[in-house]
Every structure is written in structure tokens, then in C-alpha cells.
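Peer 1: Spelled out, the chains give:
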Amino acid sequence: MKIGFIGLGIMGRPMALNLLKGGHQVAVWARRAESMQPLLDAGAVGAASPAAVAKGQDLVISMVADAPDVADVMRSVASAGNRGLVAVDMSTIAPAAARAIHAELAAAGVDFIDAPVSGGEVGAIAGSLAIMAGGSDAAFARAKPAFACMGKNIVHVGGPGAGQVTKAANQIVTGMGVLAVAEAMAFASKNGVDRGKVREALLGGFAYSKILENHGQRMLDRNFQPGFKSWMHEKDLNIVMQTAHELGLCLPGSAATAQMFNAMVGSGLGEEDSIAVLKLLESLSGQA
Amino acid sequence: MKVGFIGLGAMGRPMALHLHAAGQELHVWARRPQTCAGLPATVHATPAALGAACEVVFTIITSSADVEGVALGENGLIHGMAPGSVLVDCSTIAPDVARRIAGRLAERGIAMLDAPVSGGEQGAIAATLAIMAGGDAAVLERVRPLLETLGQRIVHVGPNGAGQVAKACNQMIMVAAIEAVAEAMHLARAAGVDPAKVKQALAGGSAGSRVLEIMGQRMVDRDFAAGIEARLHHKDFGLVLAAARQSGVPVALTASVAQQLNALMALGFGKDDTSSLLRVLEAA
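Chains as they are written, first to last, in the working numbering: chain A, 567 to 854; chain B, -14 to 269.
Be aware that a few hints might be false.
Below, a list of computed lysine to aspartate or glutamate pairs in the EDC-like style, where the Cα atoms sit at most 20 angstroms apart [claimed, not checked]:
id : chain 1 : residue 1 : chain 2 : residue 2
1  : B       : K220      : B       : D51
2  : A       : K801      : A       : E812
3  : A       : K801      : A       : D638
4  : B       : K220      : A       : E812
5  : B       : K256      : A       : D607
6  : A       : K801      : B       : D81
7  : A       : K718      : A       : E749
Over the 10 angstroms line for every Cβ pair with chain B, so calculated as not near, a few chain A residues [as the list claims (entries may be wrong)]:
id : residue
8  : I576
9  : A599
10 : E600
11 : D703
12 : N789
Hints were generated in silico from the structure; no laboratory data involved.
The structure displayed is predicted, hence computed values, not measured ones.
Ideal Cβ positions, reconstructed from N, Cα and C, are used throughout, including at glycine.
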């Protein structure tokens, strides 16, 4: 399949590389030209603009930072006049923003899918991302072979926006999950109990989770390298809280968690992994 | 003085009438012309036309987007107001939007104050509003005589946007206090104690406050007719949380109260008084 790829950051680069490995023809564009080089070295074709990436493709994929960026690149993609194109955005943006882009692109004859991912850089490199898609059946069927190169658990959740709703739900669970594990760690230590042993004991029981296992280990190692930067988790939780505000939805746990991440960004921990919320808890409880 | 007024709702109407009663020549514009019926004022076709006729223009409108539209949009005030004239925006909007509007108006030599108010409809009618102003101090002095016909406590908080920051702080404290009173009333009743007696006992002590007095009484009477429509506090909390996020400041209690306001909206109490936070607790 001929695939255009826009946005070659920490996530986008390995995802595009996996499409090449899967035997697809890939054209790329990135805001910074040097980001394109590793892809060109691996056999991709460089393009001069998002619109140029969209010309003659079966599929265009974007992986960029925020909703305005997605809207910008998708507007350019639509301007290429490639009617019948399927455009996939794999960034994390608000469901309402995804629905608006879907409607705008539909008017230009482009079928849009919101397909955010979970699994981080590790999952992107391994091609084992969880992909949660919203859009039409036909567009999903077209995009599926590309998804299969990048991810393992690929679910077509529903219509436009459904992928982003799912991702927001994912961020609720992971945000509170990281905070829960960090609080358990702080609780153990303040009680004079070895937090490593606590984690070990909990892994066999009902509190088992991937977050307890992986993030918990990194908390023990005090390895705060991202991973997933806490400012990005804060951004995603803001999408959750914004949506809750618009809908009239009471999310007390998410609200408390969002404020912890807000405090992380404000206190200079934004570039560290989201597990650095442990540091914040420790400093609030005199454990630093 | 020729004074314009836009936003003739529950707050704006009595404010406009006070200005007129103090001897100002009143000019008005409203999206729906029937809103202007019966006012002792010259009615204009657009904000720009109103702006061209006035030395000072007051606005008190619900949302940031609406204020921006009236001030800067097509046929907006900016296209009519003369250099040296003053826009006094009494709406509650985002501080960064207030700063942006002030910046654009300044390019045309038009001064602006963000001057949000506290005190509700009662305060507007009684001309006892608290007014928190952001902008140039000299501009505030020019319009102070007008503001004195609307309120009693007029404080220059700082430059443009500072008034809106103060109003955000006001909303944080007030609505959190309403939630605290609601929880106390709810606990009293659940524990088999008369909430009215509890309120009466507390009034003289350290927990005594205007919120306990007024909102507590509404809860005791189960009189949830607005006062201030709760949906406006819900809107304000969106602004407060966005401002906290921009500053990277954690606001744990505000975020928690915001969720109770979200529940209030979901339960259909948005057009009732914010004392309906008691009914949110009862629904759980």
C-alpha cells in the first residue's frame, strides 16, 4: 500500500519504520527536515509539504502534538484533492476536535479515522501498540493492514471520535493507576516497610496491573527518564476534564489526579516520566 | 456623560438604570432588540454605532467569546469607539482574553478596564457591588464616579487581566464555601440533627460567613430558585481551572468542587441557584 506519514517524533519515527518493514511504500513529511533523515535512509520518500505527502496515496497517517497541529496538517492533506483518500490521525486530541476534523474532511471527500495509541515508545518500536479507532467500517478496513504493522491490539471502537473517547478513558485509568501505585509506595515507606517487598507481594493479588509491575519497578529504581512525559499526561487529562466539563460529568478521581499532574508541570517535573508523581508525593509528605 | 451599555440581563439592566438615574445619557445595544424596550435610552443598531456615540461603554456578557465578538468582531465596538474613550467590561471572562482585547483596543487608542463584579443580582439592584478592576490606574480614576453609582467597594487590583484574576479567586472561595455549607447541612440532616439549628449555632462562631448566612438559609428553606444561576458558576470554574493549568498551580479543592458542579449540570439544576449543590449530595 502507498502510505503518507506526517510527524516523525519519538512515536512517529518507529511507527513509520514499521510500515516500511511491513513492505509498504512510505512517503514522509516532518516540520523539521532532519527528523526525516532516518526514514529516508530506510527507504522512505521525502515530501515537501503535508499536501504533497497526500498526493497519490491510499492512506495518510499523522502523529503530531496537539489538536491545532492535527487540524492544520489534515486541512493541507484535504487540499491535495485526493478524493477517496483515507486519513488517519494517531495523535491524542479531544473527541470533539476529532469529530470536527472528520466532518471537515468528509466535505473534501476524505474519510477520516481517529486512531490514538497506547503503549509508548517501547510499543511503537516493537510494533505492539494498542490502537483504538473511530470512523467508518470502510475506512477502518482500508487502514487495518497499516495498523497491523504498528500494533497488536487493534479495536474499531465506533464512529468518529470513538477512538479518542477510548484514549481519554485509557488516560483516566493510567493516570490514576500511576498515582495509585506511587501513593502505595509512599505509604509503605512512610510506614517503614520496604516498598519493593510490598510491590512483590501485591503482584500476586488483585492489585496486579501492568502499571504496578512496570511503572512500580521504575519507581523502585528511581528511573524517571521518559517513557511518557508527565506534561503529555497532563495534556491528556486536561482533555478528559475539558470533556467532562462540557458534558456535565462528575469525575472526582480524575480531577484530583489532573491537579497532581498540573503541580508536576508547575514544579518543573514536566519533562520527566509520569512516575515522577512519586517525587511530588514524597516532597508533600516530608519524604524527600 | 454619554454612557453605553451592552448586556441588559439580570445584572446589566439594574446597572444601566443606576447610571441613568445618576444623570448619565444612556445608550444601549442588544442582540435581541426587545431587550431594550422600556429603557430610558437611545437604542443603536450595532455595537460599533453605540461605541461611536459614547465616551464610556460598559459590557456585562456571559462568555469570553461573546465579549470578544462584541468588542472586536464585525460591527464591534472597536470599529466605532473614538481614541480616548473607555470600555469597562464587567463580564467574568478569562484573564488572557481580557488582556488580548485590551491590547487590540490600545492599538486604536481606546482604553479598557476589566472590572468584573461580585454581589449578584441583589448587589446590582442595591448598587452595592464589589468591583475589582484591572487596567491603567488613571483610566480607573476617570470612570470611578460612574463605578461609584454601581458599587461600594472599588479596588484597583493591577494591570489589565488583574481584575479577572481577582474574580476567579472570588469564585474559587465562594463556591467552595457553598459546597462546604452544603456538605455540613447534608451531614447534619443525615445525623438526625436539624440543619436550621446547626446553621443558627454556627453563625456566631468561626465558621460564620455570608455564604453560610445566605446560601445556608436557602438550603434550610429548600429554596433553590436562582439567585445566581449555577450554570454561570460552572462556566466560571472552567475559566478558573484553565487559568490554574496555565500557571501550573495545583488547585485540588477547586478541581473537586468543579466535579460537583459538573454533577449539578447533569442533574438539570443549571438554571437553579448554586445552593443546589446540596441536592447533588442528596442524589449520591
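Peer 1: Can you list which hints this structure breaks, lowest number first?
Peer 2: Structure breaks hints 5 and 7.
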